[in-house]
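Each protein sequence line maps, in turn, to chains A and B. Numbered according to the working numbering, the first sequence spans residues 1 to 178. Numbered according to the working numbering, the second sequence spans residues 1 to 795.
Treat the hints with care, since some could be wrong.
[To be verified] One side only, chain A facing chain B, incomplete, derived with CB under 7 Å:
id: 1; residue: Glu17
id: 2; residue: Val50
id: 3; residue: Pro63
id: 4; residue: Val65
id: 5; residue: Ser72
id: 6; residue: Phe73
id: 7; residue: Phe77
[What the hints assert, rightly or not] Pulled from the structure, derived: some chain A residues nowhere near chain B, Cβ distances all over 10 Å:
id: 8; residue: His13
id: 9; residue: Pro26
id: 10; residue: Tyr68
id: 11; residue: His151
[Stated by the list, open to error] Below, in silico cross-link-like pairs of lysine-lysine (BS3-like), each with a Cα-Cα straight-line distance of 30 Å or less:
id: 12; chain 1: A; residue 1: Lys7; chain 2: B; residue 2: Lys735
id: 13; chain 1: A; residue 1: Lys116; chain 2: B; residue 2: Lys13
id: 14; chain 1: B; residue 1: Lys646; chain 2: B; residue 2: Lys624
id: 15; chain 1: B; residue 1: Lys646; chain 2: B; residue 2: Lys283
id: 16; chain 1: B; residue 1: Lys41; chain 2: A; residue 2: Lys82
id: 17; chain 1: B; residue 1: Lys394; chain 2: B; residue 2: Lys456
id: 18; chain 1: B; residue 1: Lys591; chain 2: B; residue 2: Lys619
id: 19; chain 1: A; residue 1: Lys7; chain 2: B; residue 2: Lys88
id: 20; chain 1: B; residue 1: Lys289; chain 2: B; residue 2: Lys591
id: 21; chain 1: B; residue 1: Lys41; chain 2: B; residue 2: Lys88
No lab work stands behind these hints: they were computed from the structure. Quick reminder that beta carbons are idealized off the backbone N, C-alpha and C, glycines included.
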Amino acid sequence: MTSSRSKTVLTKHEITEIDSWLKRYPEDRSQSALLAALRAVMHEDHYLSVEKMDAVAEYLGIPEVAVYEVASFYSMFELDEKAVAENTIAVCTNISCMLNGSDKIVEHIEERLGIKMGETTPDGKFFFKVEEECLAACCGAPMMQLNHVYHENLTPEKVDQLLDSVSLCKAEEEQNNG
Amino acid sequence: MSKDKITITVDDKEIEAVAGSMLIEVADEIGIHIPRFCYHKKLSVAANCRMCLVEVEKAPKPMPACATPVNDGMVVWTRSEKALTAQKDTMEFLLINHPLDCPICDQGGECELQDQSIAHGGSSSSYHEIKRVVVDKDIGELVATEMTRCIQCTRCVRFGEEISGMRELGAFGRGDRMEIGTFVEHDLSSELSGNIIDICPVGALTAKPSRYTARPWEMTQTPGIASHDSVGSSVNLHTFKHRLVRVVAGENEDINECWISNRDRFSYQGVRSYDRASTPMIKQAGAWKSVSWEQALEEVGESLRSANPDEVGVLASPRATLEELYLLQKSMRSIGVNNIDHRLRQTDFYDQESMGLFPWLGMSIADIEDQQAILIVGSDVRRDQPMINHRIRKAVLNNDASVVCINPAAFNFNYAVDNQWVVSPAKMVDSLAVIAKAAIKNSNLETPAGLSELLKSVRVNVKSKVLAQQLTDAENSVIFLGALAIQHDRYSTLRALTALIAETTGSTFAYLPEAANTAGAWLAGVVPHRKEVGEVTRVVGSNVTGMLNDSLKVCLLLDVEPAFDFDNPQRAQSAMQNIDRVIAITPYIHKSLLEVADIVLPSAAFSETSGTYVNAEGKWQSFKAAAKSVGESRPAWKILRVLGNKLGVEGFDYVSSTDIRDELKEIYDAACPVSNSFEISGVYAHSDVVSENVIQRIGGVAEFCGDSLQRRATALQESAPEQNAVHLNATEIKKLGISPLKDSSVDVTVEQDGVTIIMPVIENDAVPDGCALLYTGTSASSQMGSAFGTLKITL
Numbered sequence: 001m002t003s004s005r006s007k008t009v010l011t012k013h014e015i016t017e018i019d020s021w022l023k024r025y026p027e028d029r030s031q032s033a034l035l036a037a038l039r040a041v042m043h044e045d046h047y048l049s050v051e052k053m054d055a056v057a058e059y060l061g062i063p064e065v066a067v068y069e070v071a072s073f074y075s076m077f078e079l080d081e082k083a084v085a086e087n088t089i090a091v092c093t094n095i096s097c098m099l100n101g102s103d104k105i106v107e108h109i110e111e112r113l114g115i116k117m118g119e120t121t122p123d124g125k126f127f128f129k130v131e132e133e134c135l136a137a138c139c140g141a142p143m144m145q146l147n148h149v150y151h152e153n154l155t156p157e158k159v160d161q162l163l164d165s166v167s168l169c170k171a172e173e174e175q176n177n178g
Numbered sequence: 001m002s003k004d005k006i007t008i009t010v011d012d013k014e015i016e017a018v019a020g021s022m023l024i025e026v027a028d029e030i031g032i033h034i035p036r037f038c039y040h041k042k043l044s045v046a047a048n049c050r051m052c053l054v055e056v057e058k059a060p061k062p063m064p065a066c067a068t069p070v071n072d073g074m075v076v077w078t079r080s081e082k083a084l085t086a087q088k089d090t091m092e093f094l095l096i097n098h099p100l101d102c103p104i105c106d107q108g109g110e111c112e113l114q115d116q117s118i119a120h121g122g123s124s125s126s127y128h129e130i131k132r133v134v135v136d137k138d139i140g141e142l143v144a145t146e147m148t149r150c151i152q153c154t155r156c157v158r159f160g161e162e163i164s165g166m167r168e169l170g171a172f173g174r175g176d177r178m179e180i181g182t183f184v185e186h187d188l189s190s191e192l193s194g195n196i197i198d199i200c201p202v203g204a205l206t207a208k209p210s211r212y213t214a215r216p217w218e219m220t221q222t223p224g225i226a227s228h229d230s231v232g233s234s235v236n237l238h239t240f241k242h243r244l245v246r247v248v249a250g251e252n253e254d255i256n257e258c259w260i261s262n263r264d265r266f267s268y269q270g271v272r273s274y275d276r277a278s279t280p281m282i283k284q285a286g287a288w289k290s291v292s293w294e295q296a297l298e299e300v301g302e303s304l305r306s307a308n309p310d311e312v313g314v315l316a317s318p319r320a321t322l323e324e325l326y327l328l329q330k331s332m333r334s335i336g337v338n339n340i341d342h343r344l345r346q347t348d349f350y351d352q353e354s355m356g357l358f359p360w361l362g363m364s365i366a367d368i369e370d371q372q373a374i375l376i377v378g379s380d381v382r383r384d385q386p387m388i389n390h391r392i393r394k395a396v397l398n399n400d401a402s403v404v405c406i407n408p409a410a411f412n413f414n415y416a417v418d419n420q421w422v423v424s425p426a427k428m429v430d431s432l433a434v435i436a437k438a439a440i441k442n443s444n445l446e447t448p449a450g451l452s453e454l455l456k457s458v459r460v461n462v463k464s465k466v467l468a469q470q471l472t473d474a475e476n477s478v479i480f481l482g483a484l485a486i487q488h489d490r491y492s493t494l495r496a497l498t499a500l501i502a503e504t505t506g507s508t509f510a511y512l513p514e515a516a517n518t519a520g521a522w523l524a525g526v527v528p529h530r531k532e533v534g535e536v537t538r539v540v541g542s543n544v545t546g547m548l549n550d551s552l553k554v555c556l557l558l559d560v561e562p563a564f565d566f567d568n569p570q571r572a573q574s575a576m577q578n579i580d581r582v583i584a585i586t587p588y589i590h591k592s593l594l595e596v597a598d599i600v601l602p603s604a605a606f607s608e609t610s611g612t613y614v615n616a617e618g619k620w621q622s623f624k625a626a627a628k629s630v631g632e633s634r635p636a637w638k639i640l641r642v643l644g645n646k647l648g649v650e651g652f653d654y655v656s657s658t659d660i661r662d663e664l665k666e667i668y669d670a671a672c673p674v675s676n677s678f679e680i681s682g683v684y685a686h687s688d689v690v691s692e693n694v695i696q697r698i699g700g701v702a703e704f705c706g707d708s709l710q711r712r713a714t715a716l717q718e719s720a721p722e723q724n725a726v727h728l729n730a731t732e733i734k735k736l737g738i739s740p741l742k743d744s745s746v747d748v749t750v751e752q753d754g755v756t757i758i759m760p761v762i763e764n765d766a767v768p769d770g771c772a773l774l775y776t777g778t779s780a781s782s783q784m785g786s787a788f789g790t791l792k793i794t795l
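Chain B with its partners taken away, still in its complex shape (with noise of 0.2 Å):
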């Protein structure tokens, strides 16, 4: 297509347009507005709805502006006579089989064909026959159907082919008789499937959770950002008498363009959970008694001030915000502590110091799209960063890219994968380090010392030396460090290879940084060896499993959960057992919190606090609060303020959290740019071996469990069973002595570290032999040991 600028004339208003772009996307860009209901600006054209029919000079019929490309010359009206007649016509037409349910619609007051029903329709229908009527049809706890107001426009269909990558839905049937469906009944298992509600133009597919809650002209909309994975996807909050009702996607075209993963939508359920704490608590003599603000943070900071600083620790959610981290940080390390961490699953610490001075890509998202060779090392990409994944689909349909996995199971993608180096945990290592062996001997660079020896244990393959040869062939290359390395026992090795091959093939070395706010815990210092952007400390605190391991006499914990949080949620539960006092400021009191705490500050859930996000493009995203924060508890930045202030700390005089931003914003400003590089420093080792008998776990964070509001999104949880079972291949099970499983479930007893869990097993041929799928995070895992230690699994 080429891009030479003509000049058409809409409803005689001269305008330049790109030769052969769409009327309807010109027409967009200069806002006059054309009706349209199929028309979708990321999906492809479909013409099928005829709602935006203009008048084109000298064509004898009104043409439809999605349809038609612009001419030089043209000469367009989109409100004449014959335009006007034509939109009124097709309007007829479409609500010949429309229910005019209005009243009883949950689509009502938000609805586009009621919406042009006004605008573009006539108040009468020359149709007086009866209406057809659809059968609904069950897609899952997500999304609710009420297929007899369906239009046919096909956004839904085009968008599982074209954005979500799977055709989950189709158009079966022809003519008057065309129905919306699934043919085959089956919920709805896209990642991303919510978005098919926000594209809808009718009240055909509605949000199933927040169905019949209220009207959307009595709902508050406040934009606001997701809190789950490091995309930051931009939101909107929608609040009924200050109470967050629902969460539909923002536009952000360069983070998530106009899309938002089923996690970032739904979520919000967890906001108005059973278990919120609503009143500060102290346990007295094993009994939880509610107590005053006052009382409860004076007891609180007594008990940090006459602690010794070396035997207090802190633990902080990734998913706290800026601020929050920030004073948090601030505060401890004034009074000495550095005990302080955010890594909550991570295992390997060893070289922490090289670590740059935030994880980040490296790039920004957008430019994600713009890689023609991609290796992805440890993730489950498709759960774990949808809108990630989407641009690396994009980048394979759009770019020809190609995408090399090194998994410890052959995960599920919606693009065409070269090559997924299945592994069983203790082999990723070695994996990897084949990899950058070969990428070392295709360039001229000598291996550092602290690889030497672990290189040399290893022989290149062809698979690798293609592998590296590409990477440093494509011009633009990156090596994606996903969270199933970063909570690996060898993290330190992994990353390291992985530094090694991004510098010999000129490729991007670009972390995913796990939680929403990952890289502004680094930023704001909640590492026990860095200060506020990157200053590095005099004394180094203890990391998580050092403060788990230590007899700490003090802990406080700012939104963590230590029987869902941790790589290890049975030594993380049993350490806090035997720590005097558990300080948990949090906004939720699971029962399994409430047994190790000793005081509860109640803090703001998520969309009851402002704050600020930075993402895994280092972009620092600020949003309002957009709900009132339930019984009394508080937005944590204001907890930590009066905290510091009963400290004793200087300057903590902040009025509003924009104040906490601005005073880290201009030290960060003032500090050196972002780089991701990476010293390889130490000397690297081996995963340790594994014994053949046993079965290795492969505990990645459950796509619905990774913090505190996405495991109470009931909606969200019922999606999902699979979380809370335990995944093996048909050689593994049938070695348990189980016939095939098909559908029906068994129970089989899980061991680990001396606890015995019962849970059904799932046949799941993406795991490999000798390893079992058992995700972290889940309830059914809140008892268990390590993500990737060994397990006993008996009939």
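Isolated chain A, as found in the complex (with noise of 0.2 Å):
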């Protein structure tokens, strides 16, 4: 009974992920398996929907609100729709990145984009994210985080070349799967 509805709702993806990590803890410990849940929901979904929460709290047999607060306490979770693009762009700006100019990385990404942190490019391709915490590349800074890759020592040149790139990869796999 406890996930007869989560099972509908969440991917085959993320109930593998899900298992693979409830096995590594204790069975009254179910909640240590709630960061990697959601993980596994933004990796799907690129943001967690409310109802995508509630299965997780089903399956894992904890209240919602107890994945809410998670949810939101961690800034790597998007709780909005809007932040589902193609490729996710997550500039440091913290004390380090700032000393060494991810004001102008930033300033010449939303430029390029022609959005500000926190949007959607209308094409659906690049979500600029919001990025308030340290990413713990500090001797590379100023660093970005490119999908889950880390891009460090960076310029205006280099988040170019980056950027590009994406497009380019993008460009050809749509070829090669045509």
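Once you've looked at the hints, go ahead and assemble the two chains, each given alone in its own frame, into the complex.
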């Protein structure tokens, strides 16, 4: 009865992922798998819908509120559907990066994409995340995370190259698939 | 944790303390007050507000007293310069984002933040920037929010997890952006949610119904006793200009600790209902006429004197006070009336003689926490008796107690129930018989003759064997007999089986008395076969069902509404219609009452009269009047005193309600001690077979409809619209030809005993197949038949 509804809402990948994490914790500590579960949902949907969060709560057998609390606490989780895009750009704006000119990087990306931080390009290609926290790569400041990959010692030119290559990759991929 | 006593020094005073207890607890015990916001003695330690910082010897920094365990030889200063500076600085931090809107805040005057700011804070702030604003949340009809005022102490969040057992509120976001709310907007649904108003140290969560009525310093507080369930929770009644404007929780560790149910908190709204009776009235040629008390009482006296006592019926609410019930019984018996009863919703009176002195728990309320095996027979205990449910929850959480229920619907619990046997009302007898048989087999006792036929017809299964063994093995085990069993048409059988299981397994047989003074009504002798304190009458009068079937000539009602308070309102109303003289001593004049009554004697409502309630543990709790009664209404005990004098009853010269109580107490103390011992002496029957083509009604009393006061509490009523709907499971809804309901509501036609009512249907999978949950006491069911009758439902 516990997970009847959640099984139809969560994808196969999400369930496999959650199950693999559940195995690592004692049976009565299913809440331990919550972060991993939300990460799996983020990977699939690029944001956490209330429906998915409720499904995770039901699947893990924990209160829904406990899921909302964790989801709203961590900045790596997006709660708004507008975060859904092919690529996510997260520029660190914390102290080391700021001292090394992250403002300029942010300004450059905003200009290039024509959107502000926290927005998605109209074509759905890029979501420019509001990055609040240090991403722990201060020695390479300024830095950004493009999808899951760290890129350090950024200059506007390097950012352009990176964003071009992402667009190119996509285009190639489409061509290959076509 | 060791219980060793150690010695610590707080503010140069040497104190003995239990090792490992928290500093703040120890200080509280000896009356040293340390300021705090997040700490609450009944909740887990959060240590997030930092207000309780104190100086501890050898500690480099001030320590939070709520999270610092005491050690032998510890030296603490709560008012040293270091401690005071720390507290003052914390206060300044807390006020950074707290609006200084005290003049328009409902908490002003009873605000912990305000008080502590004055006691421990500074007069200015170093913070000059803009304060943050938090959008208010709509969490229902009962609790108002002003979330900008929240200081994130998380008491309300911890309350949800630890006390009400439902995590409805949470802390979302983080740091300076953390907010308390529900995340997805919805009304709080816990039966205890109102307590967050009491524990919120600021004006973030306040009582919606009493918002902006009066300032705390303008109100007078009078301790009182809650008048709904049989717990008898302590409450504090707040009056403003002699008017009851608010009820908050009182403290009584043995009974309600420091919590009260929403019903006990918000029912006070019913006191000022638009249909309060304010003058004595007599119906003449179909028209109501206000008359003087003298004339009304003379008329009542005349009606009672001139009637044949066998044709007089007396029906009283089990919510009336002990004093009222005793005077009613004494005066009526003295003129030879024996048709007297308070068991308005009961239908099975077989073997009423075997009943103990009065129905009670057989243990104290606090003892419930020590039970290891619990069987609940016929009770939505969470809604019926919230504070008893709270104790059961503690037994489950702290004692790992196992709980099994036999109920006509799968009720929602806030703890793990091992097994809930959901069966239609007609099958409850069988289910209980199976357990009884298993218990008998397990013991060396013989099956009582009166139950042997019944037990022969059922077969023991594994589940029942396990349960019987559990009840036998547990050092402390209890079987609760709830309202749904008491109102069942085979109550006597259910009770006999319960008594048998209790006896054979060595469990306590515990009644869950339905109302605040059910126990008191038995003690006062408001039953047809007994006088005060169990004295057997020579003549046994008619019980409730008998009275409604007999052709009475005169009927006296004490706070009874025929359309709402009986098992079968339709029959009750029509029976009253046929009685020549219906005399109603009542605080309210509902139109259905005015239709059938002939004389109205307006009585004082809740909070307007002194009296005594006897609760489920047999405790007598007296209370004083807190508010002035409306218009010419009078406390019912005074009305009955005068009536007694009019009837020439001797010894009716009581000066106060305590005189009446003391008289009864004297008789009680001289009598034998209480016991729930119940002799299985009759021959007990199965339920009648119910045809498969009809829907069986499960007619439990709605959470907020048990008596005249709560039915008029507007906020409670608005918070529970589902009370006035018929609940069916998905299968039954499909049978009706309605496509999945989801959120939309569909009206259906419900027919019972020839009366058809149109009401919304709600999908509720707690209801078993072939049954419909349709509450009694509601306006929707006020014209319907028996609570456990059969229905026909069509689209």
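Here is what the structure says about each hint:
1. Checking glutamate 17/A against chain B by beta carbon gives a least distance of about 24 Å; that is not within 7 Å, so the hint is violated.
2. Interface hint status for valine 50/A: upheld, as the beta-carbon distance to the closest one in chain B is roughly 6 Å, under 7 Å.
3. Using the Cβ-Cβ criterion of 7 Å, the hint placing proline 63/A at the interface with chain B is satisfied: the shortest such distance is roughly 4 Å.
4. With a cut of 7 Å, the hint placing valine 65/A at the interface with chain B holds, because the nearest CB-to-CB distance is about 4 Å.
5. Satisfaction of the interface hint for serine 72/A is found here, the shortest Cβ-Cβ separation to chain B being roughly 4 Å, below the 7 Å cut-off.
6. Because the closest C-beta pair between phenylalanine 73/A and chain B is about 5 Å apart, less than 7 Å, the hint holds.
7. Below 7 Å, beta-carbon pairs count as interface contacts, and phenylalanine 77/A has none with chain B, the closest being about 11 Å; its hint is therefore violated.
8. Every beta carbon of chain B lies more than 10 Å from that of histidine 13/A, the smallest distance being close to 25 Å; the non-interface claim holds.
9. With a minimum CB-CB distance of about 18 Å to chain B, proline 26/A clears the 10 Å threshold, and the non-interface call stands.
10. With 10 Å as the threshold on Cβ separation, the claim that tyrosine 68/A sits away from chain B is violated: the shortest Cβ distance comes to roughly 4 Å.
11. For histidine 151/A, the requirement that its beta carbon stay farther than 10 Å from each beta carbon of chain B is met, with the minimum near 27 Å.
12. Taking the CA atoms of lysine 7/A and lysine 735/B, the gap is near 27 Å; set against the 30 Å cutoff, the hint holds.
13. Our distance criterion of 30 Å between C-alpha atoms is broken by lysine 116/A and lysine 13/B, whose separation comes to about 62 Å.
14. Restraint check for lysine 646/B and lysine 624/B: the C-alpha separation of about 26 Å stays at or below 30 Å, so the hint holds.
15. Between the alpha carbons of lysine 646/B and lysine 283/B the distance comes to roughly 21 Å, so the proposed pair stays at or under 30 Å and holds.
16. With a C-alpha separation of about 44 Å, the suggested pairing of lysine 41/B with lysine 82/A is violated against the 30 Å cut-off.
17. Using a Cα cut-off of 30 Å, the hinted pair lysine 394/B and lysine 456/B is violated, with the two alpha carbons roughly 38 Å apart.
18. Of the pairs offered as hints, the one joining lysine 591/B and lysine 619/B is violated, with about 36 Å between alpha carbons and a cut-off of 30 Å exceeded.
19. For a cut-off of 30 Å, the pair hint linking lysine 7/A to lysine 88/B is broken: about 53 Å separates their Cα positions.
20. For a cut-off of 30 Å, the pair hint linking lysine 289/B to lysine 591/B stands: about 15 Å separates their Cα positions.
21. Note on lysine 41/B and lysine 88/B: the hinted pairing holds, with a Cα-Cα distance of about 23 Å set against a maximum of 30 Å.
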